[in-house]
Every structure is written in structure tokens, then in C-alpha cells.
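Chains V and R, in that order, give the protein sequences.
Read in order, the letters of the first sequence correspond to residues 1 to 95 in full-length UniProt numbering.
Read in order, the letters of the second sequence correspond to residues 1 to 483 in full-length UniProt numbering.
Keep in mind that the hints were calculated from the coordinates and are not lab data.
Accuracy of the hints is not assured; some may be wrong.
Stated by the list, open to error - With a straight-line cut-off of 27 Å between C-alpha atoms, the simulated DSS-like cross-links for lysine-lysine are:
no.: 1; chain 1: V; residue 1: Lys83; chain 2: R; residue 2: Lys132
no.: 2; chain 1: V; residue 1: Lys10; chain 2: R; residue 2: Lys90
no.: 3; chain 1: V; residue 1: Lys2; chain 2: R; residue 2: Lys81
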Amino acid sequence: MKINKETVEKVAHLARLEVSEDEKELFAHQLSDILDHAEKLNELDTEDIAPTAHALPIQNVFRKDEVRASLDREAVLANAPQKDEGMFKVPQIVD
Amino acid sequence: MLDGYEMTVGLEIHVQLDTDTKIFCGCKNEFGAEPNHHTCPICLGLPGTLPVLNEKAVEYIVKAGLALNCEINTFSKFDRKNYFYADLPKAYQISQFDLPFCEDGHVMIQLEDETEMKIGITRIHLEEDAGKLNHAGEGIASSDSSLVDYNRVGTPLIEIVSEPDIHSPEQAIAYLKKIKSILEYIGVSDCDMSQGSMRADVNISVAPTGSDELGTRTELKNMNSFKAIEKALKYEPKRQIKVLESGGEIIQGTLTWDDEAGKTIPMRSKEEAHDYRYFPEPDLVPVIVEQEWVDGIEDSLPELPDARQKRYVEELGIPEYDAMVITADREMADFFEAVVKEHNDAKAISNWIMGDFSRLLNEESITIAEVKFKPADLAQMLKLMDEGTISSKIAKTVFEEMFATGKNPDTIVEEKGLKQISDTSELEKIIDQVIADNQSALEDYRGGNKNVFGFFIGQTMKATRGKANPGMVNKILKEKLEG
Ligand SMILES: [Zn+2]
Chain V
1 MKINKETVEK
11 VAHLARLEVS
21 EDEKELFAHQ
31 LSDILDHAEK
41 LNELDTEDIA
51 PTAHALPIQN
61 VFRKDEVRAS
71 LDREAVLANA
81 PQKDEGMFKV
91 PQIVD
Chain R
1 MLDGYEMTVG
11 LEIHVQLDTD
21 TKIFCGCKNE
31 FGAEPNHHTC
41 PICLGLPGTL
51 PVLNEKAVEY
61 IVKAGLALNC
71 EINTFSKFDR
81 KNYFYADLPK
91 AYQISQFDLP
101 FCEDGHVMIQ
111 LEDETEMKIG
121 ITRIHLEEDA
131 GKLNHAGEGI
141 ASSDSSLVDY
151 NRVGTPLIEI
161 VSEPDIHSPE
171 QAIAYLKKIK
181 SILEYIGVSD
191 CDMSQGSMRA
201 DVNISVAPTG
211 SDELGTRTEL
221 KNMNSFKAIE
231 KALKYEPKRQ
241 IKVLESGGEI
251 IQGTLTWDDE
261 AGKTIPMRSK
271 EEAHDYRYFP
281 EPDLVPVIVE
291 QEWVDGIEDS
301 LPELPDARQK
311 RYVEELGIPE
321 YDAMVITADR
331 EMADFFEAVV
341 KEHNDAKAIS
351 NWIMGDFSRL
361 LNEESITIAE
371 VKFKPADLAQ
381 MLKLMDEGTI
391 SSKIAKTVFE
401 EMFATGKNPD
411 TIVEEKGLKQ
421 ISDTSELEKI
431 IDQVIADNQS
441 ALEDYRGGNK
451 NVFGFFIGQT
461 MKATRGKANP
471 GMVNKILKEK
481 LEG
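The shape of chain R in the complex, shown without the other chains (with noise of 0.2 Å):
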């Protein structure tokens, strides 16, 4: 907490848009190519040519902004923003100025607390994505040359903007997650941050609490990492605070996050404050987006994140907090819903799927397109549970074992050996030896120790390797016991 200051978390988020071309050439959109194989002299901005705008990359911002709720404006334009920087060939970037395709949305976002909260958007625009420089030697400052890669230039990125409502690193942390859950769920782009396809400027300013005015803002560009956002929205409101408390004043400016120190460092730059100078692009003309085309896209939106978890609780009597796991992730959602169309226990399912699946997931690091299993395999294996077959403790295994292997879990159960006992006499026989083997203990028990009751089931289970049936262990060997 922030003694008598409130923090205020400004978002620019920068998504690529997944369209097979960019956004003014017919070159290729694609990640890890070699170095400028995907250049022609439109991106590479060499005089005499013209940029054509790529009509999927209006459809995926028009999506965008409809699954933001934004209002679409129907006449658009691009504007020129003008510097000088060795990856903007054309000294200039195609951005929009006044008149973006989006305004005047929001997301919901939920908190630990569970309450909700809306948060604001104030814009989304579409631009150009600017070229690759890498630095030789130990990074930006003291190399004495840089190699430039021209591919990413023209690929096609949304900028959505955040209104001033986010008050806390987690606020921060769940819009941003649910930015990346709902254009995951629409297709418009992978989101991958290791890949740069979203990365934030994030914008921090602290004021006294319960003042009107907003503090003095720093600004930490192209940050692509939550936890890296996240500890940085926690160090650098405290670094304010410390400042203004010994009397100094916040400089505007530009940071860096410096990771493996754990503080923001201020970045000199010789770039001139911005004076990007902006005037209309007179290469393109204006884009009108007609209410029929708006429809038409509304209508391609998938059920997004908050309908399904909304779905899920009332539909499908899951707890709040688990559809809300479960949706954040459409893959996670998808599979979700296709093991409950093959089994009617919906709590069941996700209990798995919140529990060892999504352990096995973390620990294994793979997506749920690369787990070797089917949908319909996990509802057999609930079904085997629901039918005696197995116990719980050895579903477990099984499951271990389909995750593992992509065996179903009939052969898994065959292979192994797994089936659970659930044989009167057999099970007699196994609990009359465990008793004779254990004499003194059955003294204690009789004796009054009721304690020693558990001891007996876990010998019985060591005795079957965990295959017996619980409920039916626990009744016989009460009356043999009790004797």
C-alpha cells in the first residue's frame, strides 16, 4: 500500500495482428524469418512508391474494438507521425491521430477480492509495426553499431489505449490478461509476448490521495513480460513517493526496467520531446466503415470470455472462480466443454482440469494443443470412476499415465493392473491377513484407540497397491474390528 498517495496505471498496448500480409505490401507477416527476406520497396519506404491498405487488417480492428465494446467510427483516417530512428525507414510512421477505427470501450476485469471492476479504453488505432535493430555488444548503450532487420516493418499493430481507471499493479495485471484472453478468443492475434506480437507502454504517475489531479507521469516502453510489468508497477510508484516526500520533483520522462536489479533506470535519448509533427497521410485515403460491414463482423465474434463463464456458472453450476480460469484460455474453455458434451459431471471435470491437468500443463510447459490425450478420454476415465472400475487415488495415476502417453484409460487400467477391488470375499481375505499381521494394533483399537482405524485402512491400501475400494474397506474392516 501507498501511504497517503494513490498510483494511476496508463496502458498503450501494442498487438500485432495476425494477417498472412502487412499492412501496405504483399510481404509476408511472419515471425523468425531470416533478416530482411520479407522486404519490398513499399515497406522498405523507397521513394516513388505507394502503400495500399490490407482490407483484413480493418476487419481485425473493427473485431477488436466490437469485442472491446468500442464504438466503430464509421470515417477514418491515417495521419503521419514523424521521427528519426534507424528502424522507420520511411522517417515516418503510418499511425492515426484524431481519427481512429475505435473509441469508448471497456473490458471488465476481476479481482482476488471478486469484485469487479470496469476499466476504460479510450481508443484503439491501427499503424505500422516499425523494423528490428539489434545491438551488438552489451546491449543499447555501448555498442557503437546496430544491425537492422526490416521484416517487422508494415506488420500490422493495433494500439488500444487505457483510460486513467487503473489504481494498482494487480488492476494492471487483470486488463492485460483479459486484453490477451478476449483477442485470443477472437483470432485477430497470438498475443505472444516472448515474440513481441503484444507488449505494453505503461505509463505510472502517483497524487495525494483523494486529489483531482493526476501527478507527473514516467513511462516504461515496450515492456513484454507480466511479471517484469508487474514489479515494476510495484517498485517504480514507491521511487515516486520518495521523491516528492524529500521534496524533489517527478521528471517527465522516459524508463527503463532493469529486471535483474529491480529498478527503473531513466533513459537518456537524444530524440527531441515528443514533436512528432503530425499531419495527414496523404498516401491513403480516408476508410468509411459502413454499418452493414460492422454487422457482418459482429456477427463472425465468437461467445466470448465473460458470456462462457457467465454460462458456465449458471448453465453448468461451476464455482465463479473456476470459469473464470477455465475461460481465460479459449484452448482450456474448448477442451473443457468437449469433455462435458461426453460426461454430464461439469464439477467433476473441472476439478480436473483446475487441479492435475493444469499442474501437469505448468510443469510440462505445453500449450492444450500439444496434450496427447482426447477430450473424450478423460470423461472414459470418469466414467470408470463413477462406475467403481477405479478408485479416486488411482484415477489419478491414470490420468498421470494418459498425459504421459495418450493411452485411453481402458487400456491403462488393463495394462497395469489397475482395476479396483471391489470383491466381498477377496476384500475379506486381504483385511483378515492385514489384521492377523497386526495383532497389537488390534489390541490398541479395542482397547479404545479408534485412532489406529486409519493406520488399518492404510495397510489395507499398501496391501492391494492403493486398488481397493475405499468405501467398501472402511465397512468391512469397522465390523471386524468391532469384531
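Same shape as in the complex, but just chain V (with noise of 0.2 Å):
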């Protein structure tokens, strides 16, 4: 499978990454080989093998519905680069 240059800036933007001009040809490639070497599992005849949810063979692990102490709010705010009220400062958020 071929990704061009777009979809590399495409999944860059989801992703928030800057990416240089040389690093987009380069990425286009990379991915291409990867998609393609994924692509070998589609030779396999998977007919009669239910999809795969999750790699670990168990299911049903839960917790009691039993609270437990939170952090403390200096702890959590310790390393926001921004802080008020005892909230987490951030910029802008709608342009």
C-alpha cells in the first residue's frame, strides 16, 4: 500500500507532530514498507478464526465499586506549567 506525502502531513496533524519537508518523503516511504509487511497477514486464511479482541486470553477483570485516596492537589498541580485557582491553566481553546 502506497502513502503519499498528504497522508503522511494528514495523520502528522492528528497526531500534533511537526514534520520537515524531507522527513514527509522519508515517513511516506517508512510507512509504506510497514503497511505493506502488515499486508503479508492478509495471505493467511482466517475463515474459521474468531476476530481477536484483545492479545491477553481472559476477560472480565473488574474492580469493587470501592473508593480508594486520591492524590493530593499539590501533588497533581506540581508539575502544570500553568496553574490558578487550583485548576490547571491552559491557552486558548477555540480560535
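Given two chains presented individually in distinct reference frames, assemble the corresponding complex, making use of the accompanying hints.
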């Protein structure tokens, strides 16, 4: 499967990554190679195999609805670049 | 009415589940706490943490699914929905994509013209709520920064998706109210819209009447008042029709409802059109809901509003409409039934509940739980009426006093001297005086003006401050006036 430059740009934007022109060319090739490699799996006959929902063969891992201590707010906000009124301060969201 | 067009409404109702803790961590699930007090490495999405599913949240969604007539999927799994937003610390929301817990449900709604309608439910899935952004300044568009509170992150949320069966504002509101009523009955959520524990994404389209295809839709997100939804549903289809009629095209997108201006406004957003790149959540294993578990939950379901309504009509003989209004609110229905247990006139009880009781609840804006008097007090008041101790007119006064003070009706009648006068000789004395004081009216009456009779009734009631037994006054007056 061929990945073009536009797809790289779109994926990079969705992931909020900045990529240079050279990198776009490079990643287009590399991503195409990865998809080609994965494409090989389609050669297998999976007719009678149930779809895999998870790599681990276990189900129903639950916890009881019991309250456990939360973090101290000071610790929560310790690494926040900006804070105010006990909250994280973030830049304007809609332009 | 929309000339030549039909509107179609899709509702995605988000309801917060009333568990003690969040969906994937042990932080308290509580509204109104100090900002960022209920957070931990898991709900903050710190690297290296792993979510563990709250069993109660699964129980609650299955309960909701059963109450909304859904099929419960034996095999469910979670998926990641990826997007960047400041209220979402992991930059993905754990939700369900292709294998939700519940599918293919429905509810019945009743409309004002007394017709009944079935509204389909496509699916109900379980997901985590996001945090809350507090905007400094005038609102989201004009402020240069936002403050983020992550207490709400990880609150268990169910999303109920409707089939495109809704074609009017009235149907949409009836559907929303029905869902709210049922979820309150089964106790999985308080559905408090003012606190955001129930909110809806509303999508709206119009198409020429009879057309097989739906028109392009616009969406209003996070609506949290029935009034605003109703107003928006009256406005938006007309706007769309105007655009189409003038040769324009509807642009699919998100709108906001400006309640003050009474119109919808397009929302500008940097966010890429829906490209959520869902993929199976690797940090959570699938959930198998065995039939035995479903059966246990089904057994725990209380009698639901529809069944209750039917029982009230068939067994208690109250009108369909009264039964519908009373059963819509579980507390109201419980109160009604508690009175019915003490007094056998269900129709009289429903009249008081639908009338003065509901009026006073509205006027004082209080809930049933805050009402001061007990169901037994209302039963006792009705008994006093039946026995002739108080008239129906006086009962109104007694009821208002009960509502205001919580005193029992016997005490009120005693303290205020409201006992009905049913003593013949006492009434005759009063009536003689009324007639003596109104000689010209008496002449009118005897001269053939029978309308004056009402005047004499009024004067007698006035003289007794409403306490005279009306039946007896009627009888004695007639005798005396005819002479
Ligand atoms: Zn937490």
C-alpha cells in the first residue's frame, strides 16, 4: 500500500507532530513498507478464526466500587506549567 | 408545521452513572467537590498507569439496557477514541465502538393527543466522562485562557443513541422525559440536568415529506435543558428549510444554541472533522456478560413507569392521563401509593396530587422528599372530608396549612376552628339571620328571580367563614326561601 505525502501530513497533524519536508518523503516510504509488511497477514486463511479482541486470553477483570484515596492537589498540580485557582491553566481553545 | 418538509431528530443522551467511584479508578465520583480533589495517576492519564473497570458501572449499564428493552451483548469490549482537547488528559477517551453492552432497544412515548409511539434505541455504550473547562472572561471564544478541573474525568457515562424515529419537538421531549423517568426509577442516575448528569447531543435534519433519504444534519452538543432543546428544535428545521428554499445547501457541522437570541450559531473549531481513529483498548480486557448475571440484574428491576401506569388505570381506576403524570416521577408515584394504602378513594387522591399538591410543589420549587407532611396526613384529611367534618372548600385551607407546616389535619382543624357546621338548628339560626339581613333579595327571589339563590348561599358561607355544610345549607335555604 502506497502512502503519499498528503497522508503523512494528515496523520502528523492528527498527532500534532511537526515534520520537515525531508521527513515527509522518508516517512511516506517507511509507512508504506510497514503497511506492505502487515499486508502479508492477509495471505493467511482466517475463515474459521474468531476475531481477536485482545492479545491476552482473559476476560472480566473488575474492581469493586470502593473509594480509594486520591492524590493531594499540590502533587496533582506540581508539574503544571501554569495553574490558577487549583486548576490547570491552558491556552485559549477555540480560535 | 413545516410546509412540505419533515424533520428528523437523532438524540445521543449522555447520562452519568451514580456509582461511588469512577469507572477506571477508585477516585470518588462526586459532583461539586473542590477542583482537582478527586484525581489520581489513573484518571489524570499519567504514563504507566492502567485502568481497572468498575464492576458496578457494568451492572448499571446492563440494568439501563434491560429497562430500555435492549438486547444485552454477551461479549463487549472497549475502544480508544483519539482526539486532543484540554479536558481529556490522556488525549483519548475510553469508549466502545463496535461491541457496546446494549443494542436494539426501545421506549414507548405518549403524546398530547393521547397517541402512543415507539422510539427505537440503536445502542447504549459505556465510556468515561471528560474533565471540565472553566472559561475566564465572556465565554469560550473570547477568553485567552481556560482553567481545567479533572474531577469529572472518569465519571462513568452511558450514551443512549436513538433511531431516526423522532419527527417533532414534542416527540423529542417526550422521549427525553421517558428516558429520564426510567433511569431515575432504576436508580442508576439522578439525571440532574442542571448539574450535567444528563445531557444530550441533538442532531437535526429536514427532507421533503415522503422522501426516503434524510437530509444533511446539523448537531447541537451538550444541551442540558428541555426548554432549550425544545426551542432549538422549533428553530433549526425552519432555518434549514429557509436555506434549502433559497437554493442553498445545509453544511454539516456543529452549532451552538444561543438561548438569549433564540437561534443557532455555527461553531468555529480547529478540531479536524471526526477522525477519531478508534482502535481496541489494549489496557482493558473484554467483558463477558453471562445470562446468569443478566437474570440477576433483571430480577432487581423495580416496577417501571409503563407497568405502573397500566396498573393504576386498571386496578385503581384513575384516568390514563393522571396515571401517566403521577408515574413519570417515581417519588410522586411512591407518595401516591402510600396515600392509597391508607385511603380507598384513588381518584380523590390523584385529584389532590395532580391539583393542589403539584401546584404547591411548583410554586415552592421543592421536591417530594422535602414535603413536610406524610402520606397518612393526606389520607386523614380525605377521611375528614368523607365524614363531613370538613367541607371540600375548607379542605383546601387544611391542605395548604399541612403543606406549609407539616401539622396533621386533625390539629389544624382543631387549632383553626375549621370544623364543618352540620348542626341543623345552628344552621337554621344563621340562615334566618342572613334572610333577615337581605329582605330585598328575598323579595326578588319570591318575585321569581331564582338566580338570587346563589347570593344567599354565598352570604351563608361568608357568615360561617366557609364552614357550613354546603349540602345542608342548600336544603335549609330552599325550604326557608320558598317560605
Ligand atoms: Zn482517579
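To see whether the hints hold, each was checked on the structure:
1. V/Lys83 <-> R/Lys132: At roughly 15 Å apart (the allowed maximum being 27 Å), R/Lys132 and V/Lys83 satisfy the hint.
2. V/Lys10 <-> R/Lys90: OK: V/Lys10 and R/Lys90 at ~21 Å, within 27 Å.
3. V/Lys2 <-> R/Lys81: Status holds; Cα separation ~26 Å.
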